[in-house]
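Protein chains in written order, with the working numbering: chain A, 1 to 349; chain E, 350 to 698; chain C, 699 to 1047; chain Y, 1048 to 1396.
FYI, nobody ran anything at the bench for these hints, they're computed from the structure. Some clues are possibly wrong.
[Said to hold, decoys possible] List time: in silico EDC-like cross-link candidates among lysine to aspartate or glutamate, alpha-carbon distance up to 16 angstroms:
id	chain 1	residue 1	chain 2	residue 2
1	A	146	A	344
2	E	637	Y	1096
3	C	914	E	546
4	A	195	E	546
5	C	914	E	658
6	A	216	Y	1334
7	C	893	Y	1246
8	C	817	C	828
9	A	266	A	287
Every value quoted in this text rests on a predicted model; they were computed, and no experiment measured them.
Below are the chains, spelled out letter by letter.
Protein chains: 4
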Amino acid sequence: MKNTERTRVAVVGASGYTGEELVRLLLRHPGAELAAITSRQFAGKSLAEIFPRLAHHATATTLRFIDVRPAQLAESAEVIFLALPHGVAVEFAGPLLEAGAKVIDLSADFRIRNAETYKEFYTHAHPAPELLPTAIYGLPEIYRDKIRDARLVACPGCYPTSILLPAIPLLRARLVESGSIIANSLSGVSGAGRKAELDYLFVECNESVRPYGVPKHRHLAEIEQELSVAAGGEVTIQFTPHLIPVNRGILTTLYFTPTATGKDPKRIDAAFRASYADEPFVRLLGEKTLPDTKNVVGSNVIEIAWRFDPRTGRLIVMSAEDNLLKGASGQAIQCFNLMCGCEETAGLI
Amino acid sequence: MKNTERTRVAVVGASGYTGEELVRLLLRHPGAELAAITSRQFAGKSLAEIFPRLAHHATATTLRFIDVRPAQLAESAEVIFLALPHGVAVEFAGPLLEAGAKVIDLSADFRIRNAETYKEFYTHAHPAPELLPTAIYGLPEIYRDKIRDARLVACPGCYPTSILLPAIPLLRARLVESGSIIANSLSGVSGAGRKAELDYLFVECNESVRPYGVPKHRHLAEIEQELSVAAGGEVTIQFTPHLIPVNRGILTTLYFTPTATGKDPKRIDAAFRASYADEPFVRLLGEKTLPDTKNVVGSNVIEIAWRFDPRTGRLIVMSAEDNLLKGASGQAIQCFNLMCGCEETAGLI
Amino acid sequence: MKNTERTRVAVVGASGYTGEELVRLLLRHPGAELAAITSRQFAGKSLAEIFPRLAHHATATTLRFIDVRPAQLAESAEVIFLALPHGVAVEFAGPLLEAGAKVIDLSADFRIRNAETYKEFYTHAHPAPELLPTAIYGLPEIYRDKIRDARLVACPGCYPTSILLPAIPLLRARLVESGSIIANSLSGVSGAGRKAELDYLFVECNESVRPYGVPKHRHLAEIEQELSVAAGGEVTIQFTPHLIPVNRGILTTLYFTPTATGKDPKRIDAAFRASYADEPFVRLLGEKTLPDTKNVVGSNVIEIAWRFDPRTGRLIVMSAEDNLLKGASGQAIQCFNLMCGCEETAGLI
Amino acid sequence: MKNTERTRVAVVGASGYTGEELVRLLLRHPGAELAAITSRQFAGKSLAEIFPRLAHHATATTLRFIDVRPAQLAESAEVIFLALPHGVAVEFAGPLLEAGAKVIDLSADFRIRNAETYKEFYTHAHPAPELLPTAIYGLPEIYRDKIRDARLVACPGCYPTSILLPAIPLLRARLVESGSIIANSLSGVSGAGRKAELDYLFVECNESVRPYGVPKHRHLAEIEQELSVAAGGEVTIQFTPHLIPVNRGILTTLYFTPTATGKDPKRIDAAFRASYADEPFVRLLGEKTLPDTKNVVGSNVIEIAWRFDPRTGRLIVMSAEDNLLKGASGQAIQCFNLMCGCEETAGLI
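The shape of chain A in the complex, shown without the other chains (with noise of 0.2 angstroms):
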C-alpha cells in the first residue's frame, strides 16, 4: 500500500549544497509537502533569494528560512532532514526525536556505532552515545528493511556510498582477500561543502588536480566498520581521496586481490547481479564500458564496472556517482520514501 498524504518534512541547515539538494528534491516530490527550512544565517529571507535556480517553483517567494528550536519544528513536520556539520546536527537529533519527529542526519555524527571509533576520528567525545544504538546507517541497498522501520536515519558519506557499494557484494561472497583493498576516490569540489576558504576558491581547483586527508581520512571509520560487518571480520583499508576540477561526481577506483573463488569472473558477475540486478539506482556496467561521472551527475544512480587483469591476478572495480545525489541528498530522499511508504524511485527520476 502506498503513502497517498503527503508527510511534511523540514530541512534543517539547508543553506549547503546538500541543503540546497535536498530542497530541490523535496519540492517537486510527490509524497512530501516542504513544511519549513531553516538557517540561522538566512533567517527571514525567501528560497527564492537564497537559491535562485528554485525561485520559478511555486513556494519558492513564499517560503522562508527560520531560526527555531527543534522542539518547534516537530510540531510543523513529522520528518526532519538535519544538513548541518558534524557536532551540530546531533544537538538537535535528540529533541526532535523525543518530540516525537522522525530524523535523516546527512552529517556524520550516527554513522560510527562505536563511540570509540568516532572520539579516534572525530577528535571529540561522542555528545550522545546513547542515541547511537538506535541510528540505522542510510544505504538502502543493504539496509532496506531497518530504513523502512527507523526513527533515526545516519544518511552515509559521500566516498563510503561510493565504495561501499561495490565493495559489500564481493565481500560478503567472500570474492576478495578483505585485507587487500585500496579505494583511489575523485571528488568534485561541491564535496567540501559551500565554504568561503582558499582552497576551493575557482582560481585554486580549476586546472588543478591534488590528493587530500592522506593517509586517514575521517570516511574510513564507516567505510571500515561497514566493509567488517560484511566480511565477517575486521576490515581495514587504504583510501586516497583527491580533488579534481568538477562541480560534482565522484569516481572511485577500488583494487582487489581476490580469493580462490573470487579469480572466476562469473562469480563476481553473479555476485553483483544477485545484489543489485533489481535495484533501480545500481547501474551494473560488468566488463563491457567504464563508468564515467558525466552519465550520473543529476541523478541518484551508482555506475559500477569491474575488470579482471590476468596479468597481476587483482580484480578492479570502478565506481561513479552524484556525490550530492546517490552520495547525500538523493539517498536521503531515498531513505525517506522507504520511511514513508512512497515508491523508493519518488522524487528521483
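Add chains E, C and Y to chain A, keeping to what the hints say.
Just chains E, C and Y, lined up with the frame of chain A:
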C-alpha cells in the same frame, strides 16, 4: 645604452595573484634582483612555502616574506612594486618616494588624476592628492617616454588596458564617434583576486557566466580619463564586465559608430598600424583572424582584431589579454624595464 | 480540458545534444509516449548504449534507434520532432506532414518566412518554399495561440530566444530605438553540436574565450525577422556571439538607446511585467539582481534583468538561458504541450 | 665546458600539442636554432598562422612548415626532434641517423628494447628492430650519462615518467615489494593529443571523470621494462589511467607494500634524497606537503611526496608533472641539453 647591473627591487603585498606573478617574473628577470618581498600575513615564511610553483627557483627557500616599514624597504631596494589593495598602496607610496625609491603601483590609488573623480568612484577622499600630479599612467604604448622618467607609475587596471589600447588610436585619429563606445568585457576569475569569498568558489564560478558591476564599475574612472585625453574632449562610455570560468584572460568586444572618415577600412587599418606595428606586445590581427584568450594567456601580448559591419555601419574591435600579465604584472615589468634602462621586453619573452 | 492519453511521439536524428535532451525530456513526460527514435549512424543500437546517462529509464534497453523513411515514421507517431541539421530536416518535414503527422522542427529550415532571406543567410535556395507559410515560429511567449493549432512548428535558435524574449516587449511598446540594438552573446560549447572538430576539443575550448561569426551570424535572419514584426518595421541589429568554456548556457547582454518614453524605468518595468509576469518560464529579475547561467541551466527558464545607465542614457538588458532547454529542446517540449493540450509546463518542471 | 654555438635543430610533425611545446621551448632556447619545422598538413603555412600564441616571436612569420624527406632534413639540422605518432617516427629515424643526424624521438617507437614486447603491446611487428639496441631511454635522472653520448633518444611517455621517477629509487634500494605496485594515474586531456574525436570534445570531457584503457594500457610495456631494470628482476604492475578535465597535468598515486627494511621512513626519505636531492627538476615534498598539478604545470618539474600508513602498513607515493613538459617536450629538451653540452636546465627555467 643598456643597464648592465641588476636593479634591486622589492614587492610589497606579494601574497595575491598579481604579487605572485610579479615575483615569478622578477625571479627570472635579467635586470632585476629581488631583494625583498613583504606580506603581513606570511611574514617569516619562505617563498617556496607560500608559492610552491616557484619552489624550484634558487632563492625560493632562502627568500622570506618580511613585514617592514616603507622607510626600511627603501634601504634595500631602488624600485618598489606595490601589489596592495587600493587605499593601502597610498600609505606606502609617500614614504617610499620620500626615501628616494621609485614606485610602481598596481593598485588604483594613483591612476586618477582628478581627486574629485577618485572620490566619486572610490567613495572616499583621496588620502594624498598632492602625489597625483607626479604619477604617470603606466601604459607604455601610450606614455613610453614619461614612464622612462617617472618616479611613481600607476599601472592601469586589467579592463582598462583591454579597452584603451584598442580605442585610443581610433579616437586620436577621429575615426569613431566618442559618444558611441560600448565595451563588453569578459574576465577570468583571477581578476577578483585571492579572496576567500563565496562568490568566487569553484562551484559558484564553474559552469557559470554572469555580468556584474552594472552599470558603473570603478574602472570607468580611469578608462574615461584616458579616452578623454585621446579624444581631446570628455568621453563617457558603456562598460559591462562579466565573470567567466577561466583562471586568466580578458576578452573585450568594443562597438563603435565610425565618423565619416572612419568608414574607410583602410584608415582603421592605418591607424592601428601607425600606433602599434612596431610594438613588441601588441599583435594586430586586423580583419583576418579573431582573438582568443588562450593565445595570449601566459604572455604579455594583447591581440587586437576588427571588423566593419556593412549591415549596421558599426565598427567592432575585439581584444584579448592575460589579465595578470598585460593587464597587471607583465605591464608593470614593462614599465620597470623602461624606468631602469633595460630592453622593454626583458624578462617578458 | 486536458489531454489524458499519451501522445505517441518520435525523435528523428536523436544522436546529437538537442536530440539527447529531447529524448530525456520525453522519457519522463506524462503526456508523451516515445514510440521511435531514429539515427542512421546508430540504427540497431539501444538508447542505453548510446546515451548511458539515460540507461536507468525503463525503456532504455528496449528502445532502439531505427533508420526509417518519413512515411513509415508517421504510422508510429502523431508528433515528430526533427533534430537534424538544417537542409536535412526539410527533406523529412514534407512527407511527414503529408502523411498527417505534426512536425516540431529544431533546425533552421522553417524559421525564415522569406525564401530570399533564407538564401542570403544559408547560401542555397530553400528546397521547399511552399511549406514556409504554414510554419509557426515556436516561441510560446509570443505565438502561443498559433502554436496550439500548428501542424509545423519551427523552434527558434538558441541565440534568437535569448535576444527575442528580452527585446520584443521593448520594441512593441516603442520604448527603444529599433536601430540601436547591440546583442553581445556568450554561449556554452554544446551550442556547436556534437561534432568531431578540432575547434571544439576540450583543450581548444578550456581556458579560452573567443568571438566567432563576426559580424554576420546566420541566426541574424530569424532574429531580425521577429524583431521587425515586433517593431512594425525593418530592424537590423548588431550581434556578436562568443564561445565560452561551459557545457551549457547562453548569457546575452543587450544595449538599447531608449526612446523618449523609454527613458522612464517604470515603463520598462511595466512592459516586461505586462508581457511576462504570468509566464511560467520567464523569470524577471528587474533591477534587483543579475542573471547567471548557473541559475537556469537544467531548467526551461530564461532570466531577464535590466538596468538604466544614467551616465550614458542607455538601457542594458541581460538574459540567461540553457541553450539546450529554453534555447532548443525544452522550448520544443513547451510547443508540444501547447499542440497536444497538455499543461504547458508538463514534463518541464 | 659549455657549448657556445647554437645547435641547429628541426621538429618533425610539429602540429600536435607536444610539437607545439617543443617549438615554443626551442624558440627561446639559448643553445638552439630552430632551422626547420615540418608538417605534411600545414606545409607552406607560417608558424604564426598555425600557432597564434607563438606569433610574437621574431621568427614566427618567417618560419614556415615544410614537408621534406628525412635526408634533406639532415642537411639543415644536427638534431631532429620527432613528434610523430608511433609507427611513423620509425620511418624517419633510420634515414636521419644514417645521414648523420642525432634523433630525439617522442613517440613510443624506440622505448621498448624487446621487439616481442613491442609487438605484444602495439599489435604489429617492430619495423626496425635493428635500431632498438642503439636507443637510449630519455629519462635524464636515470640515464644521464648514456643520453650524453646517444645518437637516438627515446623520450619516455607521460605516464611512465610520473611512475618511474617515484618508483625506481625504492626498487633499487629494495625498499618495496616489486609485485605490490599499483599506479593510479589522472591525466589532463592534452595527453590524448590534438585529434578530432568525439571522446575529447569539450562537452564530453568537461564535468566528466573516467577511467580508460583498463587493465592493459600500452605504456605498461615501457614502465615494466624500466622497473624491472631497477628491481633486477621482472616486475609487473597494476596501472589505471583516468581522464580528468584539465588541459595539462598528470597526478599519479602509487601504492607499495614495503619490504622489511622499507618499513623505516628514514630509509624512504634517504632513498629519495640520494637519488634526487641535486636534481634540478625533481621537487621532493617528502612527508610535509602534497603534490598539486597546478604547481608544476608550465614547468619541467616533477613533485614527489610520500606517506606511510601505519594502519595498513603501505607506502603511498604521489607525483605531479606537466604531461607536455616533464612528461614529453620539456624532458626532450632536457635530453637535448645533455646531448649538446648545454646546461641541463637551459631553456627550461
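Each hint tested on the structure:
| no. | hint | verdict |
| --- | --- | --- |
| 1 | 146/A <-> 344/A | holds, 14 angstroms |
| 2 | 637/E <-> 1096/Y | holds, 10 angstroms |
| 3 | 914/C <-> 546/E | violated, 40 angstroms |
| 4 | 195/A <-> 546/E | holds, 8 angstroms |
| 5 | 914/C <-> 658/E | holds, 8 angstroms |
| 6 | 216/A <-> 1334/Y | holds, 14 angstroms |
| 7 | 893/C <-> 1246/Y | holds, 10 angstroms |
| 8 | 817/C <-> 828/C | holds, 15 angstroms |
| 9 | 266/A <-> 287/A | holds, 11 angstroms |
Hint violations for this structure: number 3 only, all remaining hints satisfied.
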